[in-house]
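J.: The chain contents come next:
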Amino acid sequence: MVICPIPNSTDFNVKLLPHEQDLSEFLREQVQTAFANKTPLAIQGSGSKSFYGHPVRGEPLSVSRHRGIIRYEPTELVITARCGTRLSDLEDMLAEHNQMLAFEPPYFGADATLGGAVATGLSGPRRPYAGSARDVVLGVRLLNGRGESLKFGGEVIKNVAGFDVSRLMVGALGTLGLLLDISMKVLPRPDHESTLLFSMSRDAALTQMNRWTNQNWPLSAASYDDENLRIRLSGAATALARVHQQLGGELLANTEAANFWSDLREQRLAFFQGETPLWRLSMAPAAKTPNVSGSWLMDWGGALRWLKTEQACDSIFREAEALNAHACLFRSTFGSEFQPLPPALAILHRNIKLAFDPAGIFNPGRLYADW
Amino acid sequence: MSYQEHAAEIVVHAIEKPTFVRQLKQFLSADNILSEPEDMKPYECDGLSAYRTLPWLVTLPETIAEAQAILRLCHRQGVPVVARGAGTGLSGGALPAANGVLLSLAKFTRILSIDPANRRACVQPGVRNLAVSEAAAVFGLYYAPDPSSQIACTIGGNVAENSGGVHCLKYGLTLQNVLALKLLTIDGEILTLGTEGLDNPGYDLLALVTGSEGLLGVIVEVTLKLLPIPETAATLLAVFADIEKAGAAVAAIIGSGLIPAGLEMMDGLAIRAAEAFIAAGYPDDAEALILCEMDGLTVQVQADLAKAENIFHAYGALEVRQALNDNERKKFWAGRKAAFPAVGRISPDYYCMDGTIPRRRLAEVLKEITRLSREFGLSVANVFHAGDGNLHPLILYDANKPGELELAESFGGQILRLCIEVGGTITGEHGIGMEKINQMCLQFSTAELRQFLAIKAVFDPQGLLNPGKALPSLRRCAEFGALHVHHGHLPYPELDRF
Ligand SMILES: Cc1cc2nc3c(=O)[nH]c(=O)nc-3n(C[C@H](O)[C@H](O)[C@H](O)COP(=O)(O)OP(=O)(O)OC[C@H]3O[C@@H](n4cnc5c(N)ncnc54)[C@H](O)[C@@H]3O)c2cc1C
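Residue numbers (numbering that gives the first Met the number 0), protein chains in the order written: chain A, 0 to 370; chain B, 0 to 497.
Extracted from the complex, chain B is given alone in its bound form:
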């Protein structure tokens, strides 16, 4: 398949696998080392399954000391390391290095403590996102960031990607909900970032590490902020004749001073796919639908719902429905949360994009996506974290048809370019990984990339941690730039071309 490693980003080493395995076995039980292709098969890709490589070796440490020893060994031998949580990432971030160690955190599954008085939980990185809220529920608390993959994805992966969820407009992304973490550096040293306070002395390394996609270190412990479970949560479903009216209604909701706990939008194709999949109760002839959730004190929620409902009507909603009970509310959300697999049912394959745009450009962007869809001959379903401008166009294709995947990818590339052009970004929450590494060359200048590379070198001078992901080499950008001359400007004119 069509991801391209770049020679400048490949780390070479000369150590033989049997020798390396022997060294590993000095501190790691043989059960926790996988080296046979059939054992390693489950690790060959993450959620972006079109990209696959077998790792050189898989290690499954059980303690921090073991993880440190693995890193020390890799560091000494110059062997690349790719950390892996649940492998649900959608940008190929956990794609193995063919000559490297895949470091799985799958055995770090303990919730170490829950401190209800201070509203925080200390967990190992392999703990699943939903497990935190489940464990905190007895104290009336929960963990707010809720990616749709929350039954499977891990907290370590969430921190590495700075993942979001439908609740992040009101409650923030992972970044705003992490209080402290322990990070292993490539030379096996353990750093504690954060204290028990709400802020920390020195530079904000917590912010730097959050979203760093496994490039700066391996996260081995995370302290999360918990929130009290709201007294009431209520959801409105508003139906619109077209996506532009729905977009204007979203802007009006925000402009009116409401901050919904969730504000999501789906287009006709996504609505019908979700409805066919789980019968969420969506009107299946609708062209656009908004889910708007309010939470908090019951009296507050009542006031907010009334205000929102008026706005939806004023902006031309064909129908506004309030979920009658918690069951119906959960069904409304289940439809949205299952949108990806639902689209997966109506098409052999789909390719999920993750651009963010200023909300006011939504109608324009959707029109352009529709035009591109015709041009490429591939359908698109759109789901949209409308509250914060994060758009997920799902491009439908069939990998068995020769050339369709490549077509889907270049379509995706056009969407990302569009996101940059309207003042947005190429990834709101899924990360750069392997997938969007070329587009990094479009979003950032040489000097900006150099600054990123300088930061990377502080933590990992040999570039052993997740090489070839998230941060392109300047060589890659020079070559990519040569292929994408834009408005007559050649990016990176100062670099050699070949």
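The shape of chain A in the complex, shown without the other chains:
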């Protein structure tokens, strides 16, 4: 046993959250019955991200009461929690120990759950600098489509035993398995953060963001709204002072800066309002603006571009493909739609789905309409 006291250790006396409970057995029975009867299931957390992906025709199966933090040891940089755990509870717990989910998961609703964050695989502004949802998932316990409870990965940072099924679940929108418990790597919160604002043109902003990244300034976010470039910096106060001195720009007040980054992540900025279809394009960070008319907002230092346009879906998917990028109709009055896969990959996807869920009971249609 370690004799010296370890600072900041919870010694596994994890504080109980309200309504904490383990519904693994109940959920397993539900899935087994659904498998036997071939009943399609619509897996539901809090529903905060139900706009993302296609609507599912299936019997609702709520997982939001399967919640609670199972293990958290700050000095191991790992937390394990049930899928229905509210992100806010999880992040509060981490904050108490001065740690965070570095991928800054978007909530899109106060009750957003951990399972939903992992199943959608979406990451916030810090993503290019601190990693994505899939980068930090270390292990999962899941139910496959036969209702078998399976454990993959683990609670250690390095683990190469077996195929990386845990990360395959990230972004799969619940079509491969029902996530029961999830282990994630967490990171310390930076000592200080500051945000600098610069007014410039779009092309200048693209060049500038990438140049600064290449120059190794301690960026933790970079976004351009077609008028202003904002960069967030993280680190020691002395380091941030030096960056400001070197790069110039207007230093935003702390609350204003924090609000901006969370409004960007939660899509509360004015740009995101209105009825015009909202597209998400994931592309090379320094790439020029794609040839689509509409209004643009850049995040991830240019690697993520939000687009509002009325242009037809096909033309946008084609443009994205030509750029070796990919597009997703993220929100619109007629739902959302993902970049179609090339035929060989589409077949592979279908077969992977069958390998996990032979009866096709999990979230049919949510990711790709025909299955």
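A portion of the hints provided could be inaccurate.
Stated by the list, open to error - Far from chain A by the CB rule (all over 10 Å, computed), these chain B residues: (1) GLN3; (2) SER28; (3) ILE32; (4) GLU61; (5) THR108; (6) SER132; (7) ALA136; (8) GLN149; (9) ARG271; (10) ILE277; (11) PRO340; (12) THR369; (13) LEU371; (14) ARG416; (15) THR424.
Unchecked claim - Which bits of chain B does chain A cover? Going by a derived footprint, with three or more residues having C-beta under 8 Å, they are: (16) 157-165; (17) 201-211; (18) 219-231; (19) 299-309; (20) 357-363; (21) 428-439.
Because the hints were derived from the structure by calculation, they are not lab data.
Where is the CB? At the ideal position from N, CA and C, for every residue including glycine.
We have chain A already, so just place chain B with the ligand on it with the hints.
T.: Chain B with the ligand alone, transformed into the frame defined by chain A:
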């Protein structure tokens, strides 16, 4: 030697070698086909040299089209295929199949492009790990994952093993540094996984293929993420009277909110071996040593170093030294990076283990390893990627002494079991390969293995790609389980035993 193939994992085919060679020669130059034992000798093992088999044939394609044609032919004839990079793997992953084709990627050595604006490099799979950083240096960029074997090992091998290095606590494993790849499936089709963006549509097949040990396809092109070279890197060397105090100091460093670029630990035997080998400047009477590297902006590094130094003192360090210049810093690291060959000098042979454990169990695990060492009568040197809990016990033995290798192996098996018991895993970065295939039966249940087998069948229904590696058949586990009844529970009770 003592690895055991299992009948259920051997793929049989009936084609005669001369016929097959004739078919190969229709699209592959005779120079790139080796079939004489003396030519194939260099391919009979990888870095786990205790395991050896001559392949049936070696092929050295030069283009993707040739590699595709080889796979198509093997697929049609039902011949197993084992991909090979540099052969530095430590788990027998590139061990040939005695009746199969060894597909060497040794001729795929071109760096296809470096895109400094988007910080990425597109390379062929046979490019050596270090060559990427060397080529990127003119742009002020480098490739972060740095296995100790980086002068020799290939990017294809790194992706297949999801290799790590001393920098992976801060910068991630291979997985977090691969943006896209091209994969040939067993029927010779080419799949592009990944786009130019940071994420991809559909399932995360990049994650599935990374670390899949050549079981799902042959990697023929990889796009890697590059990082800007930090303004400053500085290293502290902290000396402790015992490994437990050092372990507590590591936990304290992480608990304080620091993420060092490297955080490594060595025990007394490893320290002395390294010091004798390359005079790294380690105090050779120390029982434990920590190397802690900080990188980034100079002002940031100064702040981090001061914090780390205080912690080391507070946790009882006998001495804390900062490398005075880049030369000394490189020497500190050279000692750590040469730890394996250094141990190789003090013992005729060594067997390198690769378990990962929750860091807080370190002292307990090391104590148990010491006890086992006495029980088996074999010494152990420990080097430890302390930041991420990845332990490399090096078991010293002499293969010329009858029975010692087998003893070393069963000692190793006990260490792996221990890693599972404390909540860790049997491999942090070296892979399962042939070596730990039996322990897969301990770490995973039948249903979990079935799920892996179902994934394998999606890509390779005939099981031609690297058969008998990484993923055990259920038959193997049934028999292995029968030999290892644990706490009175018989694993795999539902399977026939024989
Ligand atoms: C002294 C020493 C130090 C080491 N240090 C480290 C370390 O610090 N960290 C670490 O992680 N590892 C380390 N290793 C292990 C080894 O170097 C890595 O596993 C490395 O990634 C293997 O690369 P390779 O090119 O030699 O692959 P090989 O050994 O040739 O092959 C490894 C596996 O990958 C498969 N494979 C190879 N190329 C392809 C391809 N193109 N497509 C599909 N499958 C392929 C093979 O079939 C095999 O299963 C060390 C090894 C030695 C000898």
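J.: Evaluate each hint against the coordinates.
T.: Taking the hints in turn, this is what the structure says about them:
Chain A leaves GLN3 of chain B outside its interface by the beta-carbon criterion, the shortest separation being 19 Å against a cut-off of 10 Å. The beta carbon of SER28 of chain B is kept farther than 10 Å from every beta carbon of chain A, the shortest such distance being approximately 29 Å. No Cβ of chain A approaches the Cβ of ILE32 of chain B within 10 Å, the least distance being about 29 Å, so the stated non-interface status holds. Remark: the non-interface label on GLU61 of chain B is consistent with the geometry, its nearest Cβ contact in chain A lying 24 Å away (cut-off 10 Å).
THR108 of chain B, annotated as away from the interface, keeps every beta carbon of chain A farther than 10 Å; the closest lies near 24 Å. The claim that SER132 of chain B lies off the interface holds: its Cβ sits roughly 15 Å from the closest Cβ of chain A, which is beyond the 10 Å cut-off. Against the 10 Å criterion, ALA136 of chain B stays outside the reach of chain A, whose nearest CB is about 13 Å from its own CB. The non-interface label for GLN149 of chain B is consistent with chain A: the shortest C-beta to C-beta separation is roughly 17 Å, beyond 10 Å.
With 10 Å as the threshold on Cβ separation, the claim that ARG271 of chain B sits away from chain A holds: the shortest Cβ distance comes to roughly 25 Å. Chain A leaves ILE277 of chain B outside its interface by the beta-carbon criterion, the shortest separation being 26 Å against a cut-off of 10 Å. Non-interface status of PRO340 of chain B relative to chain A is upheld: no Cβ of that chain comes within 10 Å, the nearest being about 22 Å off. For THR369 of chain B, the non-interface assignment is confirmed: its Cβ lies about 15 Å from the closest Cβ of chain A, beyond the 10 Å cut-off.
With a cut of 10 Å on Cβ distances, LEU371 of chain B stays outside the contact zone with chain A, its closest approach being about 18 Å. Look at ARG416 of chain B: its CB is around 13 Å from the nearest CB on chain A, clear of 10 Å, so calling it non-interface holds up. At the 10 Å boundary, the C-beta of THR424 of chain B falls inside the reach of chain A, the nearest C-beta of that chain being 4 Å off. Look at the region 157-165 of chain B against chain A: 3 of its residues bring a Cβ nearer than 8 Å to a Cβ of that chain, three or more, so the hint holds.
Beta-carbon proximity to chain A at under 8 Å applies to 9 residues in the region 201-211 of chain B; the threshold of 3 is reached and the given coverage holds. Counting residues of the region 219-231 of chain B whose beta carbon lies closer than 8 Å to any beta carbon of chain A gives 4, which meets the minimum of three for the stated coverage. With 4 residues having a beta carbon nearer than 8 Å to a beta carbon of chain A, the region 299-309 of chain B meets the requirement of three or more and the stated coverage holds. Counting residues of the region 357-363 of chain B whose beta carbon lies closer than 8 Å to any beta carbon of chain A gives 6, which reaches the threshold of three, so the coverage claim holds.
A stretch counts as covered by a chain when three or more of its residues have a beta carbon under 8 Å from one of that chain; for the region 428-439 of chain B and chain A the count is 6, and the coverage holds.
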